[in-house]
Every structure is written in C-alpha cells, then in structure tokens.
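Whole structure, please, built from the sequences with the hints as guidance.
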Amino acid sequence: MLKILKYSFFDLMRSRWSYVYFAFYLLLGVVLLFLNNDLSKAVITLMNVIIVLVPLIGTIFGVMYYYNSKEFTELLLAQPLKRSSIFLGQYLGVALSLSISLILGLGIPFVFYGLFESSAIWDFSLLLVTGTFLTLIFTALAFNIAMSNENKIKGFGYAILLWLFLAIIYDGLFLMTLIMFEDYPLDKVSLIGTMLNPIDLSRTLILLKLDISALLGYTGAVFKQFFGTSFGLIISFVMLAIWVALPVLRIVFKSKKKDF
Amino acid sequence: MKTFVQHNLFYIIFFIGFIGFSQTIEVCGDCTITSLKEAIRIAKDFDTIVVKKGTYKAHDIVIDKPLTIVGENYPVIDGELKGEIITIISDNVTVDGLFIINVGTSYTEDYAAIRVRKSKNFVIQNLVLEKLFFGIYIEKSSHGKVFHNKVIGDAVEEYNSGNGIQLWYSHHVEIEHNYIEHVRDGIYLEFSDDCLIKNNVSALNIRYGLHFMFSNDDTYQDNTFENNGAGVAVMFSKKIRMYNNTFKENWGTASYGMLLKEINDSEIIGNTFEENTIGINIEGSNRIIYKHNNFKNNGWAIKVRGACYTNQFVENNFLYNSFDIAYNSKVNDNVFDKNYWSNYTGYDLDKDGIGDVPYRPVKLFSYIVNRTPETIILLRSMFIDIIDFSEKVSPVFTPDNLMDHHPQTKKVTW
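In the order they appear, the protein sequences are chains H and Z.
In this text, residue positions in the first sequence follow the numbering used here: the first is 929, and each later residue adds one.
In this text, residue positions in the second sequence follow the numbering used here: the first is 102, and each later residue adds one.
It is worth saying that the hints were derived from the structure and are not from the lab.
Fair warning: this is a prediction, and the values are worked out from it, not measured in the lab.
Any given hint could be a false lead.
Quick list of the computed label-pair ranges, beta carbon to beta carbon [claimed, not checked]:
hint	chain 1	residue 1	chain 2	residue 2	range
1	H	977	Z	325	34 to 42 Å
2	Z	207	H	1153	32 to 40 Å
3	Z	448	H	934	46 to 54 Å
4	Z	455	H	1036	37 to 45 Å
5	H	1105	Z	342	46 to 54 Å
6	H	1093	Z	457	50 to 58 Å
7	H	1124	Z	413	43 to 51 Å
We put the beta carbon where it would ideally sit given N, CA and C, even for glycine.
What follows is the structure in structure tokens.
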C-alpha cells in the first residue's frame, strides 16, 4: 500500500494540477493579507473560501484522478497485490497531496506575515485542520462515487450534486426545518443538524473559535457551551473522523467486490 | 444656569467670610484627637480636618456641619463590615483623599461607603473605595461634585451587591474622572435631572456600566464603558445627550453596548460602539438623532425592536458588523441617510462620494434570525448569502422603504 501511496503521491506532486492548486492558495493568502492587513480578519475571509472551495476541489479532483488512472489501476490489479491497498494507496495519495498544497499554500504567506507572534495562530491552525479534514472527507466521497459509476459523465454529475447538496441545499433544508418547527425547542435539533454535515460542522467550529461566538446571542449560549468546551471540540473532531472513516471503509469494501 | 451661578456666588462669599475664622484640626494615631468622629464633634463650621496616614476603624461617621475633611497619603477608614461609613447631612462638605474599605452588607438597608443626604454643594474627590456594598450614594442632594474617585468592588452576584455611584432624586451633580469596576451598576441615576457625567471609566461591572432611570436632561460624554455584564441601559428618560462615549466589548448572551428603552428627544453623537454583541438595542424610543457614531465589529450594530418612530441615523460609520440593522416589522418611519456601510457593494460612477445605488441595511437573514433565533447557526453559510442576495434584489420580508439613499463610498469623517 505504501508503495502505491508513494507512487500516486509523487505522480500527483509532479503533475500540473497540484501546482495550480498550490499557487491558487498561495495567491489567495498573499492577497488576503495584503488587502486586510489584519490576521484575524483574514482568517475569517479565508474560512468562507475554505468552506466552499476545499470540498469542491476535493470532489472534482478525486473523481478526475480515479477516472484518469483507471488503466493503470487495471494494470496493477493484474499484479499480486491486495485490492484494498491499491485503492487506499491511490486515495491517500490524492488526499495527502491536496492537503499539502492547502497547508503549504496558505501557511507560507501567513508565516511570512508573522503568524507565530500573532494570537490568531490557534484559529489559523484550526482552519488548516478542518480544511485537511474536508479534503480527506470529500476525496473519499468522490472515490466512492467514481467506483460506483463506470460512466464518467454520470460520475462527475453525482460528484457535483453531492457538493451542491452538502454546501448549499442541505442548509436550505435545515433552515426550512428550523423555521417550520420554530414553536418547539430547537437547540438540540440544530446541534444535531450541524453535526451531520461536515461543511456545517467545520463552519460552526471555526466561527465559534473566532470571537463571533458571542454574537450568537442567547441561543448561542447552547452552541457556545457545546462547541466552546474541549468536550464539544473532541466530539466535533470525532464526528469529522467518522465522516472520513465511513467512506474509506466503503472504498475498502467496494474494492473487494468490484468486478473489473 | 444663572441661578446656579448666583447660588454658588452666595456660598463663595459666605465661605470667604468664614475662612478667616476657620481652623485646622489634625487627626492621627498619636495626636490628641485620634478619631474622625471626635474631630467632627469638636470642630466648628467651616473648619478643616486633616487625617494623617494610618488606619482608623470607624463606621457611622456623621458629618453634620460644613467641614472640609482631607486625608494625607490616603489614610484608611475601615468600616469593619459593620455598616455605613460616612454620612454627610450638612451643606458645603468636602471629603478628599481617603481610602475607605469594608462597608457592611445588608439586605434591608443600602449601606454606602459615603452617603450624601439632603445637602448641597458637596465635593467628594480623590477617594479610593474598596470592599464595598454601595460606593457613593447621593440622595435628594444637589449642586455637588463627585470627582476623581476610584471604586473597586468585588461583586459576584447581582442580588447581594450594590452600585458604584448612585444618584437618587438629585440634580445638578457633576460626576467626572471616576474609575469604577466590579460593582453591580457602575453609575446609577434614578430621578436625577441636569447631571453631567464626564470622562469616567466604568468596566467589568456585573450588570450595567451606566444605568439611567427616569432622569431627564442629563449629559454624558467622553466616558468609556467596557466589558460590563449588560452594557449601558438608558430607560424612561427624556432629553439625554450622549457625546463621544466608547462602548466596548460588552460580549454575552444578553449584552448590549447600549440599551435604549422609552427614550425620547435625545442626541447620540460621536460615540464608538466596538465589539459588542448588540451595539444599540432600541425599544420604544422616538425622535432621537444618531450622528457621527462608529459601529465597529459588533454582532448587531443596531437592533430595532419596535415602536420607534422618527429617529434619524445620519452620517454614521457601520464597519464590519455581522448585521448592520435588525428590524422586526415591515413598517419603517426612521430615516437612514448619508451613512458609510462597509458592506455596501454599489458603485459611484459620477465620483461624488455618494453611491449611485441605495443601500438596504436590513438583510433577510437578520429578519429570519429575529423570528427563529436558532437559525443563527447558519451564519456565513453559502445558502444564506444566496437568499440575502435575492432579497436585496426584490425585498419581500424586509421593510422596502428602509434604505439609505445616499450611502457614502468613503468613511465619514468629522
């Protein structure tokens, strides 16, 4: 598995797309810092970008890589290798190279800007950690979709739909539910609703760490109590880890049964 | 004002007449007079009592004649938690430079470190008050000065703590350059008219930094209210002038920079509201002018609750607030004009500094949050941005005449 991981990883590291992705984040970081002149402000703006773009890029990239390297995968399958290690190796290769592009691309401008002397370092680390989690989650989901669909167009379609659903439609449905049941106590419902969507979960985590927390007013007290404590933080990360684990398990499971 | 001068003039002449005869009495550990009470008993009108450095255990000190009491190097008056420490019941009393600690706590009486009762022309200055219940309590008095005092409480709960400086049925009192922290209400005015509150710092109090009730024609300016449990509350008053104050970091679930309730005909000019959960919460307040204020990094800059008519919001800066204005009805009778909004996305083709497209400060999401507070969890979600945008294009839920027709493209300076 490690060999395949290494191969996929270096293959991607050499490819143009990783550089484009890296350059994009580098540019974003530099421009944000240049325009904002304020580290904590830049972290907030960055959050908006990460919440939307990281899942999108993870999804598209995952699907694309799977379809592109299909012939090579078939070649590997002819070798005496474990199936799960082939697919997991490829998955980790993609996810890790994307994560490294993200961390380096954003990290370098911030480090040069004086991150280590700033109090925003924890917010920023949280941002990178959730960004990495989102990459892992959405690449895994993308691999699942690609493995289940031989048809590339269909695969891409589903991938986009998945992103659209989790990034936008889910929030719409969530909002409708909250408004429809506004006569009932909704603290728990909204907590659970947030937990079930990795994008919402990451957004809430970051928002509550930044000082916007208190604006949440009297209802916010519940959220603050939950997410603000280390218990809530641990639960949230466990939830994100589950979001990574489930699709990865399905990759393993699916790869064993799949007929090539 | 004229009567005030005449009034004072009378006293000044009166005072000068006596000054030739007044004498100084010294109080210290090994003087002939060792307690403040004794000194007051033997003193004649308009004498000066000098209290030397040391610790004096005393409570229920009643000042019943016009005296000047001066502490040298902050002598400590220790009330031993037995009750009230100094009570002034005479006119023309000056208390200066004492360190007063350990005021008793009572649930039936408001014990104060220093109380002024039914007197005029008092001056209370350079005091340091610690471990107190109520700090400076002024009742039914007038024409006094509370100047340069430091009140440091250790209040934890609202029900068993008192206020830093409290005015009750008093008028023409000047409260300047005081520093108040860790009490229930920093400064509390009830039924007190024509007072001036200037250059004070009120921070870390359990309830309000400043609390107004039924007090008209008061001015407060250049004060700083920081980190108070619920910010500043101004209620049931008329003709209040609020100039150049700073309201900062009043964070919390039920916290405001400033709470206005039933306030009419007032002016709010040149204030700064920074990092509060709600900058100003307005309820049933009419004919107020908001001008040249800075609202910066607040959760809500202004929350309008209802029954607010003919208010004017002119030439303010709204900078990086999560919500600029929240409104809970579709009716609007207030004017928003010539403000700078950092969220404004319009353009200015003729370059006259005024945006060509009117700005709508009320977002759909702020309307939704008002209705269903739990939806705040969706703040900064992409879906919310989309519905805000569509509401901006064609308002359905938010008041359609609530807009700034002349949004500034640059920060307003004055």
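Here's how the hints hold up against the structure:
1. H:977 x Z:325: 34 to 42 Å: For residue 977 of chain H and residue 325 of chain Z the Cβ distance comes to about 36 Å; the hint holds.
2. Z:207 x H:1153: 32 to 40 Å: With Cβ atoms ~36 Å apart, the hint holds.
3. Z:448 x H:934: 46 to 54 Å: Cβ of residue 448 of chain Z to Cβ of residue 934 of chain H: about 53 Å, so the range 46 to 54 Å holds.
4. Z:455 x H:1036: 37 to 45 Å: holds, 41 Å
5. H:1105 x Z:342: 46 to 54 Å: With Cβ atoms ~48 Å apart, the hint holds.
6. H:1093 x Z:457: 50 to 58 Å: violated, 38 Å
7. H:1124 x Z:413: 43 to 51 Å: For residue 1124 of chain H and residue 413 of chain Z the Cβ distance comes to about 46 Å; the hint holds.
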